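Visitor: These are the residues of each chain, in order.
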Amino acid sequence: MSAFNAIGEEREIDRDEFTPGVEPQPTWCPGCGDFGVLKSLKQALPEVGKTPEEVLTVTGIGCSGKLSSYLDTYGFHTIHGRSLPVARAAKLANPELEVIAAGGDGDGYGIGGNHWIHTARENHDMTYIVFNNEIFGLTKGQTSPTSPKGHKSKTQPSGSAKTPLRPLSMSLNAGASYVARTAAVNPNQAKEIIKEAIEHDGFAHVDFLTQCPTWNKDARQYVPYIDVQESDDYDFDITDRREAAEMMHETEDVLNEGTVLTGRYYVDEDRPSYQEEKSAVGELPDEPLVERYFDDDAEWERSYDLLDRHK
Amino acid sequence: MSDDELIWRIAGGSGDGIDSTSQNFAKALMRSGLDIFTHRHYPSRIRGGHTYVEIRAADHEVQSRGDGYNFLLSLGDSFARNPQEDAYYGNEEIKPLSENLDELREGGIIVYDEGLISEEDVDAIDLEERAEENNWHVFPMDLRGLAREHGREVMRNTAGVGVTAALLDMDLEHIEDLMSDAMGGDILESNLEILHEAYETTREEYEFEHDLRAPEGTHETEQALLSGSNAIAYGAIDGGCRFIAGYPMTPWTDVFTILSQNFPDMGGVSEQVEDEIAAAALAVGASHAGVKAMSGSSGGGFALMSEPLGLAEMTETPLVLVESMRAGPSTGMPTKPEQSDLEFVLYTSQGDSSRVVFAPGTIEEAYEQTRLAFDIAWEYQIPTIIIYDQKLSGENTNVDVEFFDREPEPGLGSTLTEEELKEAAHDASGKFERFGYDDNERNVSKRSLPGQKGGRYLATGNEHSPVGHIEEDSDNRVFQMTRRLEKLDSIREELDEDHPSNQTYFGDETADYGVITWGSSQGAVVEAVSRLNEAGHSVKGISVSDMMPFPETEMTEFLESVDEAMVVEMNGTGQFRGLIQKELGRFGEKLTSLLKYNGNPFEPAEVVEGYEVNVAEEDREPTAQVRIEPAAGD
Ligand SMILES: Cc1ncc(C[n+]2csc(CCOP(=O)(O)OP(=O)(O)O)c2C)c(N)n1
Ligand code: SF4
Ligand SMILES: [Mg+2]
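Quick note, the sequences are listed as chains A and B, same order.
Residues 5 to 315 in our numbering are what the first sequence lists, from first letter to last.
Residues 589 to 1222 in our numbering are what the second sequence lists, from first letter to last.
Treat the hints with care, since some could be wrong.
Residues on chain B that point at chain A, a partial pick, calculated with CB under 10 angstroms [to be verified]:
id, residue
1, Gly823
2, Ala868
3, Leu870
4, Val879
5, Leu899
6, Lys1041
The hints are simulated quantities; they were obtained by calculation from the structure and are not laboratory data.
Computed from a predicted model, the values in this text were never measured in an experiment.
All residues carry an ideal CB built from backbone N, CA and C; glycine is no exception.
Could you build the full structure based on these sequences and the hints that come with them?
Guide: Okay, here's the thing in structure tokens:
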């Protein structure tokens, strides 16, 4: 018998269940793209049959990090840049949890970049949503790793001399087995992509374009957007690394020229998740590790039985 | 300095297999009924650089290194000549002989490998002359030749052990048994042959004029030889820990390795990750999800853990971290012990710190306090840190096997089950009041785990309301902050009332002079105090393990009972002495410091000398590389 009965519960799920009943109301600015992420999650989760209490939403720090306050699941609002290591350990401890990590572009691609690379490399089974507004929102508009070259801010008054980071390409190269980009202004596509990401067995990275009308006024509102799967101008195989890589590269290039390309870029259904790999080498127990702590019949090994080597 | 003990030093290149040879020899001595204490000295390189291991063996309890030693087995450094870089290395082969002579006691024994160390080199260091002066007994033996003849050159360590056994008049039985446990086939055959050949040759070739023999002793109960790192790892296992995340760094790597090797067979999980920020964050994540989890590092890596540590404090996520100190600052001296991270470990991370810190002083304490760390962390939902150092990490002593014969404690402390959650307080929308205002017995608010029905809440590093929402209301702030801080008072109360003291008392209870120490310096100080009392002085001692919450009552009683006290610690600024003064707000005028930070742990004689200089006010500076800091106002 499980000690975690919210997991795998079969019942009708209302999307309102994911809205906090009492408090808090989102405090994002009017017109902020972050609302789009929240909305797509509220739609996607019931559609993939997840109840609030079997989901753990782990966020970083930033306007984006507030997601865990407004999405009524189990939540962990961690520290700046560290959502991924917290999230992936929770998943290892209890692989039956639905773990969603989320944060900003500064949070994930800047200060937490090392974790992102390694979590993708290891292909942990989780969803990672990056609210990419190409700016530091919460700290009032400084240049971020994805800000376009030439972008002026209080900390780069003459315009950024740095080329922006390529989130999709990097994720692919690091090892993510699902990579997509969507935009807050495209709610239908966003919902579908989030659903796919959740259902994907492995590290699913969604670069979510979220406009920040407050600090990134000059930037595009990400309209009009083009869905690369629907447009006739683009034709590539999302299961082919090389074609995916090329398409990603182009997508990242043209964003700075004002063309917003979105869609699925790479899917590898064959790559085993880290959980599977670790089980295969015998380093992850078959039963969720947490369950054992509630099992009164569990036999706990003790150091007394290890002493022969010391005698 | 007593000669009813053997202090055997095996010295060679760091690549010469000294660790395993000494480990087996120590076990053989233990099996023969002796008490053991080992000390490992090594440079932070895999090859190149000289290393030694010292085994102190006696028929009575030994808790520290001795002063000096009385038997040197010098293998010479077989890796000294790198064929590619001849010029760079020069001749270092003799260093494991020449560099170890200063601490060899009068009348001591020297065995060296004349197959490796040349005669000219030996002449050049005036060994003969020095041996005469010090009454040393020197036995050059062709260990390399012997090993080659009966097996392979790498087996020359075995030859050295054979010579040792002959000179000390030891029975070979235990040595042979241990070899048979460790190897088989041809390799075992050759080694046994070499062992016997060396033993016989020594007896045939030399007339023994030395007095030193292996002491004789008996053990009432079965013994196991363990290091501090073993003890910490085993305390974690028995405390129910089944998740560890880490990144290698000497000397913490030992604990990480031991658990990584054992966990797969115990249904546990070990993760080597990208950096120490991740390591600590993983431990927080695993603990949040319901597993007893730990991480750890040494100074530099622990610095990276500061922010996740604070996150655990703020979110009240149970967590055990270990910090294995080494000489700092920065990369410092990676393989040398020091007790200079105390203040750092107590206070690092933003905001007022609320954590528990234990500094075990012996192998047994390392085990006990690690177990206790898990109990407290999970009961009080607070990070608990074991602070130790390269010294305790690597030294081995024998412990009663029965000591470990106890039940594990895998309980999750103040964690609710789904059944209990039904009765717990929820807000109007059904969110669990994880940080509620009521029912906080001993300042603990019980927690739920993700996936449990009816336990939904938000954990956040921001200040938060009962259900975990970000909240800056001043009344809520004061309530939550006060409760978190006062957990330490509750823990202090529990430690004082329900547990035997973690502090160790020794010496003459009626003395009005005190010696205070903490953590791994305990053994040397205990021995020094006992020598002082034997020499007619009257001295009492206390070795403190509870760094936070501070043992206020015990420490006050101790300091009120003495006129003066000397605080002995391995650092340059008297960090523990500072802590005493901060915590107690007085006694500054009673406290002097004896400090050492040259990379080597205290030897008992240095503490004795510190006392003499300090108290008998002998008008001289200490001879050793130690420093005396006078009392405030002095
Ligand atoms: C270690 C640390 N450094 C800096 C900060 C301050 N800080 C908070 S959020 C943030 C950047 C936010 O940008 P982003 O991650 O893109 O999130 P957004 O607000 O745009 O959603 C910074 C620098 C912090 N909280 N912690
Ligand atoms: S500052 Fe920008 S990112 Fe933050 S809430 Fe406002 S619009 Fe959104
Ligand atoms: Mg941003």
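Visitor: Could you run down the list of hints and mark each one as holding or not?
Guide: Outcome of the hint check:
Interface hint at B/Gly823: satisfied, since its Cβ lies 8 angstroms from the closest Cβ of chain A, which is below the 10 angstroms cut-off. Among the interface hints, the one on B/Ala868 holds; its C-beta lies about 8 angstroms from the nearest C-beta in chain A, closer than the 10 angstroms criterion. Taken as an interface hint, B/Leu870 checks out: its beta carbon lies about 4 angstroms from the nearest beta carbon of chain A, inside 10 angstroms. Restraint check, B/Val879 versus chain A: the minimum CB separation of about 4 angstroms is within 10 angstroms; hint holds.
Interface hint at B/Leu899: satisfied, since its Cβ lies 5 angstroms from the closest Cβ of chain A, which is below the 10 angstroms cut-off. Because the closest C-beta pair between B/Lys1041 and chain A is about 5 angstroms apart, less than 10 angstroms, the hint holds.
Checked against the numbered hints above, the structure violates none of them.
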